[in-house]
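Chemist: These are the residues of each chain, in order.
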Amino acid sequence: MTFRARHLLGIEHLAPDEIRTVLDLAETYVDLNRRTVKHSDALSGMTQINMFFENSTRTQASFELAGKRLGADVMNMSVAHSSVKKGETLIDTALTLNAMHPDLLVVRHPASGAVDLLAQKVNCAVLNAGDGRHEHPTQALLDALTIRRAKGRIQRLTVAICGDIAHSRVARSNLILLGKMENRIRLIGPPTLMPSGVADLGCEVYEDMREGLRDCDVVMMLRLQKERMDGGFIPSEREYYHRYGLDAEKLSFAKEDAIVMHPGPMNRGVEIDGELADDINRSVIQDQVEMGVAVRMASMDLLARNLRAERGRKAVGVMV
Amino acid sequence: MTTLLTNARLIDPEAGTDTLGALLIEDGVIARIFDTPDGLPDKSPTLRRQDADGKCLAPGIVDLGVKIGEPGERHKESFRSAGLAAAAGGVTTIIARPDTHPAIDTPETLEFVTRRAAEASPVRIRHMAALTKGREGREMTEIGFLLDAGAIAFTDCDHVVTDTKVLSRALTYAKSLGALVMGHPQEPVLSKGAATTSGKFASLRGLPGVSPMAERIGFDRDMGMVEMTGVKYHFDQITTARALPPLERAKANGFDVTAGTSIHHLTLNEFDVGDYRTFFKVKPPLRSEDDRLATVGAVASGLIDIVSSMHTPQDEESKRLPYEDAASGAVALETFLPAAMRLYHAGHLTLPQLFRAMALNPANRLGLPQGRLAEGAPADLVLFDPDTPFVLDRFKLRSKSKNTPFDGQRMEGRVLATWVAGKQVFSTEA
Chain A
1 MTFRARHLLG
11 IEHLAPDEIR
21 TVLDLAETYV
31 DLNRRTVKHS
41 DALSGMTQIN
51 MFFENSTRTQ
61 ASFELAGKRL
71 GADVMNMSVA
81 HSSVKKGETL
91 IDTALTLNAM
101 HPDLLVVRHP
111 ASGAVDLLAQ
121 KVNCAVLNAG
131 DGRHEHPTQA
141 LLDALTIRRA
151 KGRIQRLTVA
161 ICGDIAHSRV
171 ARSNLILLGK
181 MENRIRLIGP
191 PTLMPSGVAD
201 LGCEVYEDMR
211 EGLRDCDVVM
221 MLRLQKERMD
231 GGFIPSEREY
241 YHRYGLDAEK
251 LSFAKEDAIV
261 MHPGPMNRGV
271 EIDGELADDI
281 NRSVIQDQVE
291 MGVAVRMASM
301 DLLARNLRAE
311 RGRKAVGVMV
Chain B
1 MTTLLTNARL
11 IDPEAGTDTL
21 GALLIEDGVI
31 ARIFDTPDGL
41 PDKSPTLRRQ
51 DADGKCLAPG
61 IVDLGVKIGE
71 PGERHKESFR
81 SAGLAAAAGG
91 VTTIIARPDT
101 HPAIDTPETL
111 EFVTRRAAEA
121 SPVRIRHMAA
131 LTKGREGREM
141 TEIGFLLDAG
151 AIAFTDCDHV
161 VTDTKVLSRA
171 LTYAKSLGAL
181 VMGHPQEPVL
191 SKGAATTSGK
201 FASLRGLPGV
211 SPMAERIGFD
221 RDMGMVEMTG
231 VKYHFDQITT
241 ARALPPLERA
251 KANGFDVTAG
261 TSIHHLTLNE
271 FDVGDYRTFF
281 KVKPPLRSED
291 DRLATVGAVA
301 SGLIDIVSSM
311 HTPQDEESKR
321 LPYEDAASGA
331 VALETFLPAA
341 MRLYHAGHLT
351 LPQLFRAMAL
361 NPANRLGLPQ
371 GRLAEGAPAD
381 LVLFDPDTPF
391 VLDRFKLRSK
401 SKNTPFDGQR
411 MEGRVLATWV
421 AGKQVFSTEA
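Residue numbers (this note's numbering), protein chains in the order written: chain A, 1 to 320; chain B, 1 to 430.
Treat the hints as calculated values from the structure; they're not laboratory data.
Among these hints, one or two may not hold up.
Stated by the list, open to error - Within a straight-line C-alpha distance of at most 20 Å, the following computed DMTMM-like cross-link-like pairs (lysine to aspartate or glutamate) qualify: (1) B:Lys319 - A:Asp92; (2) B:Lys200 - A:Glu12; (3) A:Lys121 - B:Glu142; (4) A:Lys121 - B:Asp325; (5) A:Lys121 - B:Glu317.
Given the structure is predicted, the values throughout are model-derived calculations rather than measurements.
Model the full structure from these sequences, guided by the hints.
Modeler: Structure follows, in structure tokens:
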């Protein structure tokens with residue numbers, strides 16, 4: 001079992017064996033979560049603060065539940081209404097929180113790199129719950145766990161990531177994780193929503209959905225943000241659905257047993273056909289939500305172990 | 001007083017030579033240059049001999065486009081701190097930018113800064129004035145009065161005048177007075193909100209990027225305005241390969257245009273930003289390695305005339321923010337010469353080529369007598385050792401702001417002494 005990280009800021013900093021460690025431990029939590037008594041003492045006595053500078057219901061709930069099932073004292077800071085609005089800087093907010101001795105800090109922020117910045121200023125473990133367009137590591141880990149359970153492996157698969165790649169931190173984290181685990185990655189989307197220079201990152205870029213989906217094992221759809229529709233990046237919602245919305249016809253180009261994923265929340269009829277999303281034979285979207293709690297439990301458990309070990313070393317005065 | 005600097009490597013950007021000799025300073029000017037290391041055998045009692053020990057003696061740097069915080073942001077940089085930093089960096093003439101608060105856009109504010117600068121700074125400071133009032137791009141400033149009050153050039157700095165009618169009138173008026181206008185080649189709508197250059201790095205870091213073509217588009221528009229008005233024009237920073245062919249054409253077609261670039265764009269690239277290090281956030285953003293090398297090549301060939309520090313002090317608070325929100329700019333008066341030595345040691349540029357771009361060309365473009373090692377020229381000089389290694393500690397910089405991208409980096413090249421009008425204003429021995 002290997003997991004060296006002090007913080008979980010991005011997939012970029014994880015090695016393949018660390019990724020496997022998280023997934024393996026998460027499997028045990030999947031089992032735990034399916035029991036009637038869903039409790040462990042892994043984080044007993046520890047304090048977890050969820051700090052969301054950007055509104056999120058699903059991710060925050062997932063982290064909160066994960067912390068509570070592991071026995072942590074969980075606090076949610078609704079930062080959108082706090083002193084941050086009164087001009088307090090991110091660093092000051094971090095220092096204020098740090099003085100309350102949290103053990104785990106779960107942070108979502110609209111600016112890329114903001115969570116990295118915050119992590120430099122606190123002495124607890126920091127989990128990135130999404131920073132700008134940069135990374136969303138637990139999403140990539142839960143996607144990996146979902147794929148591994150559905151496909152039996154997380155190597156040598158052809159994975160298509162479709163839609164608004166440019167503005168998606170989910171796409172970035174998945175791209176990095178799937179690349180590290182030696183998969184073939186295709187990015188499919190309109191050129192206005194494709195980040196520049198991605199072809200240099202070792203993935204294949206497609207503008208045509210059918211061509212891109214050909215013989216894929218996994219189809220990952222991304223959410224199209226409301227503010228990106230209508231004229232700015234794409235001509236209209238209906239044209240987008242026509243060309244890039246996933247329906248049974250387009251999916252027929254992928255492998256027969258290809259699975260369909262979506263990080264949620266979905267725009268039915270914009271990026272994905274409603275019926276397809278609910279098709280239990282193809283869609284693993286509900287599994288993703290379930291795996292989300294397990295992966296977050298595993299991540300926090302591993303970070304807490306490293307934190308305890310570090311504090312233990314400090315207490316006995318070992319040079320590190 | 002008369003000083004004879006003996007045994008010096010004379011870097012003459014005009015002749016393009018780098019030879020051992022001696023130089024006599026008398027009454028604030030370079031009185032004589034000798035092609036022998038010993039110079040005068042004169043035993044005159046008033047003559048002070050100073051052995052340069054084989055180190056390099058070059059004309060002092062003329063730094064076009066330095067931001068000083070007066071008025072408005074004196075906590076970031078004052079004329080005093082900028083002047084001391086310049087002296088320690090071998091910069092003998094600062095050409096200050098008007099992007100202050102308020103902007104230098106009236107003869108009264110220009111007189112104020114001219115007086116303050118003269119009182120406080122050990123090196124020469126000349127001032128540019130805004131092209132439009134408040135740098136807002138709506139009405140032209142009193143270009144005539146400002147010229148009379150000593151404005152050396154006109155620029156709205158990084159505020160691009162988007163209204164081409166306003167710009168065409170301002171340029172036409174400036175042309176009639178023979179004034180030099182400096183522009184920032186950048187398409188402002190395309191580059192709005194950008195923190196990096198678009199490409200692999202921006203995509204990996206999830207930062208909003210601007211296509212390098214925004215510079216080329218801005219350049220083409222400005223060239224259209226130059227062709228229309230015939231004004232004397234200088235592009236402050238050319239940093240991309242795509243803007244070089246049109247620059248070459250513009251010069252070949254005989255337009256009175258010159259171009260500059262910044263030392264940061266010559267020595268750093270986009271990947272140096274690493275994990276969101278905001279001290280590397282400059283304007284325009286750092287470019288790809290290909291663009292950097294093309295820009296270095298253009299300085300070597302002389303297509304790009306001028307290299308500036310683009311010194312832009314920012315306090316800690318404005319840099320301790322998420323990358324997108326952090327302020328742009330880097331201090332560079334003191335790191336300019338050591339950073340330039342990287343180009344020399346890498347074999348990209350010779351010392352005379354560097355001083356042509358850092359001293360001779362800016363002086364010529366601005367009509368100043370500085371920038372040359374010639375008999376009769378002002379004795380504005382820098383003595384430096386291009387090989388002294390050191391690790392840069394930003395807290396040792398003389399600037400009030402410490403926002404340098406070179407913090408903790410290994411550098412080579414140290415200024416040993418600086419003279420302005422024959423007076424020694426800096427020495428490592430002092």
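Chemist: CA of lysine 121 of chain A to CA of glutamate 142 of chain B, is that 20 Å or under?
Modeler: violated, 49 Å
Chemist: Can the restraint linking lysine 121 of chain A and glutamate 317 of chain B be considered satisfied, given a maximum Cα separation of 20 Å?
Modeler: holds, 14 Å
Chemist: Just to be careful, I want the Cα atoms of lysine 121 of chain A and aspartate 325 of chain B compared with a cutoff of 20 Å; is the pair within it?
Modeler: Distance ~18 Å between lysine 121 of chain A and aspartate 325 of chain B Cα, so the pair holds.
Chemist: Between the alpha carbons of lysine 319 of chain B and aspartate 92 of chain A, is the straight-line distance 20 Å or under?
Modeler: holds, 14 Å
Chemist: Hinted pair, alpha-carbon criterion (20 Å max): lysine 200 of chain B, glutamate 12 of chain A. Please report holds or violated.
Modeler: holds, 15 Å
Hint 3 alone, counting from the list given before, is not met by this structure.
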